[in-house]
Amino acid sequence: MKKIYFLIAAALLAVTFTSCQKDEETNEQDLYGKWQNKENAKEYRVFYNDIVANDPTYKWGKEWDENDRYEDDLTEHGNGWFKWKKTKNNLLELHQMDNGGAEIPQENTITVLTATEFSYKRKDGKIYSFTKVKE
Amino acid sequence: MKKALKIAGISLGALVGLVLIVICVALYVVFTPKRLTPIVNKVADDMLVCQHELKSVELTFFSTFPFFGVAIDGVQLYTEQDTLLKVDELVAFVNVKKAIDGDIEVQKLLISNLDINVCIDSLGQGNYDILVASEDTVSAVEDTTSGGWTVKSVCLSEPMKMNVQHLRFTDKHDSLFAQIEDFRLSVELPCDTQTHVLLTTESIDFTYKTTQYANNLKLRLDLPAHSSDYQHFFIDSLALQLNDFLVSVKGYAGIVDSVSYDLDLEVATNDWQISELLALVPADFGAIMPPEIQLDGKIAFSAQAKGVYSPTEMPLVDARVWLKNGHGNYDKTVLPYDFSALDADIFAHVDLNKKDQITATIHKLYAKTGKTSVQLSGKATHILKDDTAFVVANPFCDLKLRLNVNLPEFNQYIATEGTTSTMKGVLSGNINVQTQLNDVTEERYNRVKLNGDLAIRGLDVQYEDTIFATADLLKLGIKTHPTNTPNLLVADCELGFDKLRAKMGKDLNANLSFINLKANAQVDIKDTTAIPTADIQFAMGDVDVAMDTIVAFVKNPKGLLAVGSTKHDKQAQRVNVNLSADQLQASMGKDMSAKTANFSIAASARYNKKADNLLLKWNPRLDFNLEQAQADLATLPFPVVIPQIKFNYSNRDFKIDTSNIILGNSNFSLAGEIHNLGKWLRKEGIVEGEMRFTSEMTDVDELLAIVNSLEDDTEPTTPTPEQPKGADSDEPQATQQDSVSEPFMVPQQMNVSFVTNIKRAKVFGEDVRNLGGKIYINDGVMILEEMGFICDAAKLQLQAMYKTPRKDHIYAGFDYHMVDVDVHKLIEMIPQVDTLLPMLRTFEGKIQFHIAAETFVNSQYQLKPSTLRGACALEGKDLVVLDNETFNTISKLLLFKKKTENKVDSISAQITLYKDLVTVYPFCVTMDKYMVAMGGSHYLDMSFDYHVCALKPVYLGVDVKGNFDDMSIKLAKAKYAKDFRPHFHRDVDENAAQIRQLISNSLKKNVKIKSDTDNADPKND
Chain A
1 MKKIYFLIAA ALLAVTFTSC QKDEETNEQD LYGKWQNKEN AKEYRVFYND IVANDPTYKW
61 GKEWDENDRY EDDLTEHGNG WFKWKKTKNN LLELHQMDNG GAEIPQENTI TVLTATEFSY
121 KRKDGKIYSF TKVKE
Chain B
1 MKKALKIAGI SLGALVGLVL IVICVALYVV FTPKRLTPIV NKVADDMLVC QHELKSVELT
61 FFSTFPFFGV AIDGVQLYTE QDTLLKVDEL VAFVNVKKAI DGDIEVQKLL ISNLDINVCI
121 DSLGQGNYDI LVASEDTVSA VEDTTSGGWT VKSVCLSEPM KMNVQHLRFT DKHDSLFAQI
181 EDFRLSVELP CDTQTHVLLT TESIDFTYKT TQYANNLKLR LDLPAHSSDY QHFFIDSLAL
241 QLNDFLVSVK GYAGIVDSVS YDLDLEVATN DWQISELLAL VPADFGAIMP PEIQLDGKIA
301 FSAQAKGVYS PTEMPLVDAR VWLKNGHGNY DKTVLPYDFS ALDADIFAHV DLNKKDQITA
361 TIHKLYAKTG KTSVQLSGKA THILKDDTAF VVANPFCDLK LRLNVNLPEF NQYIATEGTT
421 STMKGVLSGN INVQTQLNDV TEERYNRVKL NGDLAIRGLD VQYEDTIFAT ADLLKLGIKT
481 HPTNTPNLLV ADCELGFDKL RAKMGKDLNA NLSFINLKAN AQVDIKDTTA IPTADIQFAM
541 GDVDVAMDTI VAFVKNPKGL LAVGSTKHDK QAQRVNVNLS ADQLQASMGK DMSAKTANFS
601 IAASARYNKK ADNLLLKWNP RLDFNLEQAQ ADLATLPFPV VIPQIKFNYS NRDFKIDTSN
661 IILGNSNFSL AGEIHNLGKW LRKEGIVEGE MRFTSEMTDV DELLAIVNSL EDDTEPTTPT
721 PEQPKGADSD EPQATQQDSV SEPFMVPQQM NVSFVTNIKR AKVFGEDVRN LGGKIYINDG
781 VMILEEMGFI CDAAKLQLQA MYKTPRKDHI YAGFDYHMVD VDVHKLIEMI PQVDTLLPML
841 RTFEGKIQFH IAAETFVNSQ YQLKPSTLRG ACALEGKDLV VLDNETFNTI SKLLLFKKKT
901 ENKVDSISAQ ITLYKDLVTV YPFCVTMDKY MVAMGGSHYL DMSFDYHVCA LKPVYLGVDV
961 KGNFDDMSIK LAKAKYAKDF RPHFHRDVDE NAAQIRQLIS NSLKKNVKIK SDTDNADPKN
1021 D
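Protein chains in written order, with this note's numbering: chain A, 1 to 135; chain B, 1 to 1021.
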């Protein structure tokens, strides 16, 4: 029983702290631009301020890993491109396919976003960190 | 010679003078020999300065009147050194009565045993100066001749006979020696028209300085002739013989006027031995024959001259020369053969009045060496120019060469050092040449007309121990067509073999029942860079070829091969080929065999040296037709049957009219057109076209089984586990790359589509109908567009894309939809679904399945993980548990209501693939009072993180993490309550539902097929 009480207490404590944690809303303006992965320097992401024509709630972005391909290899709005929208700290990306077969959603949570730093947590819990690259 | 004649004339004059003196003395002083002889000696003493003897002199007149005769015996003139003249007997009877009138009739004239020896010493003093110079004597003689008596005619009533034992002339001053022995002269000059001169001598010697011009020559002249008026002479048969060399003349010669003679003469010789004839030529004159020619045999000559000879006119001459039984050789370093049976018969017609009409005819010019013989015949016309001078014109020659060549005698010409090269057989045939001589000497061979027919019987050739060929009969014909184009040789050739057997090395054997080649060739013989033009028609009988394990048989191949240069560029080659055959069979050991009933190929090519691509270089045009073909492969359980393939190709258009292939249960047909290949290769345009692939039946299962069996056969070549792919070091990677084939690159600048129409197909055991769609190749991208089909298990639609922007950056993606698919068929067709949705196996019923995925790979088709994208949606309604036994077990265990049907309301699952992450979006299954939901993540390294939760009747969750080898299962909060039981939660996760819907919608937006159970538009689902 002690263990059960301990677990219930711990759970309540966790819920309490979670409830008190305040989400600091980040500035979308900071997201625009080119980012370089801190762990994999060959991985880049670019967030554009360009609105998707037929879906104005989204904007365009693209990503590439130079271990596999270069920026010039990307087909406009195809594989490597994604639509994104930021709602508070939720970053929803709809990744595009070259053959137009589907849009693959990725729900990420922004953990850090400044003018130079950007980190997000994927839904499976993995965190990716980037630094702004001057173009 | 003049000096010798002078001496002879003086001697003869002296002799005649002596006779006249004797006659005068005899007539007017003494008539008896006893008295007359001393008188004559006395007179001779007065007249001659040399010593002399005269045995007797007898004159007759009255007893022989009207003939006056004189007979002198034993005349000898000599000096202290030698005898100048000696005559045993000298008799002459002259008709005095006629002589007075000027007609000299000699009844008898005999000079017996005459011996003359004339010498000139080294100081130039001759022994012939024997007369005492006397002006009276001379004047007396002159007086006699000036008396007005002239000779009107001379005749011999009896033959004049003269016998000279020796006639010798020695000139030490000029180193000249001449000698005639046993000289006999008989002259019949009767008073009628008959004349006969017979002259013989047993030996003639003549030496001048150190050169001996005549050595023991025998001379015989027999001249029977007659003349009625001493103006026209008829020679019955003149025979002039020097040793064994006889020249006979007969015919007529007449005097027309002082400068014109009429001739009709025939001249002929006997057979002259060449070596003996050449021996007559003094050695100092050098060899008549060129030193490289050795020749002997017999020659003969005959000629006929007819017509008037004058300063303005020449008689016509027909001459003929024979060479008989000749033998000899030509420089053996060049022609190492001894020729025998040399035989020639050459005729010439000479009209010097019209020199351009002079002709020469070779009736026969024959030579033989060993078993080889050559015979030439022919005619030459226009030998001389029609000119006053003898200028060689440009003879036109029409020659015929007959050959009979025993090939083994010419093996040395193909012999190579260190190897064996031989040939056997007999070449025979005729070659006819018609040409102007200048065209040959000045190498204008384009104007030469040549016509030849040759045959080789029993041909057996071995060349350098590698090539062996035999043929019963080889025929070769050649005919040239004279042209006025300089250096252009135009010829028709014909080549034929009967029963040709060829062997090259140890591996290649070929047997041909016959070959006939007919060719028209045009060759520029001076310009070695110009490409010959040839049109070759060929026809063959049965052809058997074996090379190593490859055996081929072709029945009656025939066709046309044309090669040459293009009109605009002599260096640019063009080739045209037409080939057809009634039957073709080929096999490669036990692994492969093929046969066809008949096939035909018509091909042409024009070479363009400026192009850098093979197709552009040759500009091929090809018409191909193959019928009733069949191939048997050891790796295939059934033959590949080809009823017909018919297509034509050019760099502009590639058109497949028909291509039917039957492979097991499958049959295919491909037809269509492709355009602008040339422009595409030149990078000036894009390839466009549409091909139609149709099939009544395609057994995909059977084809896959074939492919699998082929892969099994090639398994040893794939990398072994000990040599894994992607090793870090460069070296093993490079080695590996060497063994990997190049990736398929989709051509750029190409817009081609393949329209597929398969009426029936068997796929994964299912009968599929109306399988159709298009495959596009468009500028480096290959798209399988909306390939739809229907089977008993589902309606399906497939779209796929393959593009190759770079060799190491290749895209592959697909978009696949299955509507009304049976759950188990789906798992059977796509086993990976079972891995991702394991509970699906327990259901039965029809669902919709949509999947799209794509990635880039490198040149070895290895994934580029950062480019992986994919999504999958599965939706089903009214599904049931697999079997009642399982359902009963579950229902008992979970205390289902008794009325509960074995039925699930619905299932809707979405899965996405992004890079290394497979996300299984939460989905819910409801049955009876139970509701279960699950979702989670799956990684390419096969680790996972799933959450399963029960939402009815209790909330209970389980986290399943790890991998299949190390799995942890822990109780957890039911995460998906707000997704599927929102009425129990205020905080409904609408976002999650929208995302799931977004996935489904984006997947369905390309679906063209409709579900039977769902009339709603899938796009709006």
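Honestly, the hints are just simulated from the structure, not real lab data. As the structure is a computational prediction, the values presented were derived from the model and not from experiment. The beta carbon of each residue, even a glycine, is placed where N, CA and C say it ideally should be. Accuracy of the hints is not assured; some may be wrong.
[Stated by the list, open to error] Below, computed lysine-lysine pairings styled on DSS-like, alpha-carbon distance capped at 25 Å: (1) A:86 x A:38; (2) A:121 x B:961; (3) B:864 x A:121; (4) B:1004 x A:59; (5) B:479 x B:558; (6) A:121 x B:973; (7) A:83 x B:970; (8) A:85 x B:1005; (9) B:975 x A:88; (10) B:970 x A:123; (11) A:59 x B:1005; (12) A:126 x B:961; (13) A:88 x B:978; (14) B:864 x A:42; (15) A:121 x B:479; (16) B:558 x B:609; (17) A:123 x B:807; (18) B:324 x A:85; (19) A:126 x A:34; (20) A:121 x B:1004; (21) B:952 x B:973; (22) A:42 x B:807; (23) A:126 x B:975; (24) A:126 x B:864; (25) B:970 x A:121; (26) A:123 x B:683; (27) A:86 x B:975; (28) B:526 x B:503; (29) B:864 x A:83; (30) A:126 x B:978; (31) A:123 x B:978; (32) B:218 x B:324; (33) B:324 x A:83; (34) B:379 x A:126.
[What the hints assert, rightly or not] Calculated from the model, a selection of chain B residues having no Cβ within reach of chain A, i.e. all distances over 10 Å: (35) 866; (36) 913; (37) 937; (38) 966.
Status of each hint after checking the structure:
Straight-line distance between C-alpha atoms of residue 86 (chain A) and residue 38 (chain A) comes to about 22 Å, which keeps the hinted pair within the 25 Å bound. A C-alpha spacing of about 19 Å is found between residue 121 (chain A) and residue 961 (chain B), which places the hinted pair at or below 25 Å, so the restraint holds. With a CA separation close to 23 Å, the supplied pair residue 864 (chain B) and residue 121 (chain A) stays within the 25 Å bound. Taking the CA atoms of residue 1004 (chain B) and residue 59 (chain A), the gap is about 23 Å. The hint holds against a cut of 25 Å.
With a C-alpha separation of about 22 Å, the suggested pairing of residue 479 (chain B) with residue 558 (chain B) holds against the 25 Å cut-off. This hinted pair checks out: residue 121 (chain A) and residue 973 (chain B) have alpha carbons roughly 21 Å apart, not beyond 25 Å. With a CA separation close to 36 Å, the supplied pair residue 83 (chain A) and residue 970 (chain B) exceeds the 25 Å bound. At most 25 Å may separate the alpha-carbon atoms for a hinted pair to count; residue 85 (chain A) and residue 1005 (chain B) meet this at roughly 22 Å.
Between the alpha carbons of residue 975 (chain B) and residue 88 (chain A) the distance comes to roughly 23 Å, so the proposed pair stays at or under 25 Å and holds. Annotation: proposed proximity of residue 970 (chain B) to residue 123 (chain A) holds, straight-line Cα distance about 20 Å (limit 25 Å). For a cut-off of 25 Å, the pair hint linking residue 59 (chain A) to residue 1005 (chain B) stands: about 21 Å separates their Cα positions. Taking the CA atoms of residue 126 (chain A) and residue 961 (chain B), the gap is near 15 Å; set against the 25 Å cutoff, the hint holds.
Distance hint between residue 88 (chain A) and residue 978 (chain B) is fulfilled; the C-alpha atoms sit about 21 Å from each other, no more than 25 Å. A threshold of 25 Å between alpha carbons decides the hint, and for residue 864 (chain B) with residue 42 (chain A) the separation of about 14 Å falls inside it, so the pair holds. Of the supplied pair hints, the one linking residue 121 (chain A) and residue 479 (chain B) is violated, its CA atoms being roughly 93 Å apart against a limit of 25 Å. For the proposed pair residue 558 (chain B) and residue 609 (chain B), the alpha carbon gap of about 30 Å is over 25 Å, so the pair is violated.
For the hint linking residue 123 (chain A) to residue 807 (chain B), the alpha-carbon distance of about 35 Å lies beyond 25 Å, and the restraint is violated. Proposed proximity of residue 324 (chain B) and residue 85 (chain A) is contradicted: the alpha carbons are some 119 Å apart, above 25 Å. Among the hinted pairs, residue 126 (chain A) with residue 34 (chain A) is consistent with the structure: their alpha-carbon atoms are about 21 Å apart, no more than 25 Å. Restraint check for residue 121 (chain A) and residue 1004 (chain B): not satisfied, since their Cα atoms lie roughly 30 Å apart, outside the 25 Å limit.
Distance hint between residue 952 (chain B) and residue 973 (chain B) is fulfilled; the C-alpha atoms sit about 14 Å from each other, no more than 25 Å. Taking the CA atoms of residue 42 (chain A) and residue 807 (chain B), the gap is about 21 Å. The hint holds against a cut of 25 Å. Proximity of residue 126 (chain A) to residue 975 (chain B) is assessed by CA-CA distance (about 19 Å); at most 25 Å being required, the pair is judged to hold. Of the supplied pair hints, the one linking residue 126 (chain A) and residue 864 (chain B) holds, its CA atoms being roughly 20 Å apart against a limit of 25 Å.
Distance check on the hinted pair: residue 970 (chain B) and residue 121 (chain A) sit about 23 Å apart at the alpha-carbon level, within 25 Å; holds. For a cut-off of 25 Å, the pair hint linking residue 123 (chain A) to residue 683 (chain B) is broken: about 49 Å separates their Cα positions. Restraint check for residue 86 (chain A) and residue 975 (chain B): satisfied, since their Cα atoms lie roughly 24 Å apart, inside the 25 Å limit. Taking the CA atoms of residue 526 (chain B) and residue 503 (chain B), the gap is about 35 Å. The hint is violated against a cut of 25 Å.
Annotation: proposed proximity of residue 864 (chain B) to residue 83 (chain A) holds, straight-line Cα distance about 22 Å (limit 25 Å). Distance restraint check for residue 126 (chain A) and residue 978 (chain B): the Cα-Cα separation of roughly 24 Å lies within the 25 Å cut-off, and the hinted pair is therefore satisfied. Between residue 123 (chain A) and residue 978 (chain B), the direct Cα distance comes to roughly 17 Å. Compliance with the 25 Å bound is thereby established for this hinted pair. With a C-alpha separation of about 24 Å, the suggested pair residue 218 (chain B) and residue 324 (chain B) falls inside the 25 Å cut-off, and the hint holds.
Among the hinted pairs, residue 324 (chain B) with residue 83 (chain A) is inconsistent with the structure: their alpha-carbon atoms are about 112 Å apart, more than 25 Å. Between the alpha carbons of residue 379 (chain B) and residue 126 (chain A) the distance comes to roughly 109 Å, so the proposed pair goes past 25 Å and is violated. Against the 10 Å criterion, residue 866 (chain B) falls within the reach of chain A, whose nearest CB is about 4 Å from its own CB. In this structure residue 913 (chain B) is not separated from chain A by more than 10 Å, as the shortest Cβ-Cβ distance comes to only about 7 Å.
Distance check for residue 937 (chain B) against chain A: the nearest CB is about 4 Å away, which does not clear 10 Å, and the non-interface claim fails. Look at residue 966 (chain B): its CB is around 18 Å from the nearest CB on chain A, clear of 10 Å, so calling it non-interface holds up.
The structure fails hints 7, 15, 16, 17, 18, 20, 26, 28, 33, 34, 35, 36 and 37 (numbered hints given earlier, in ascending order).
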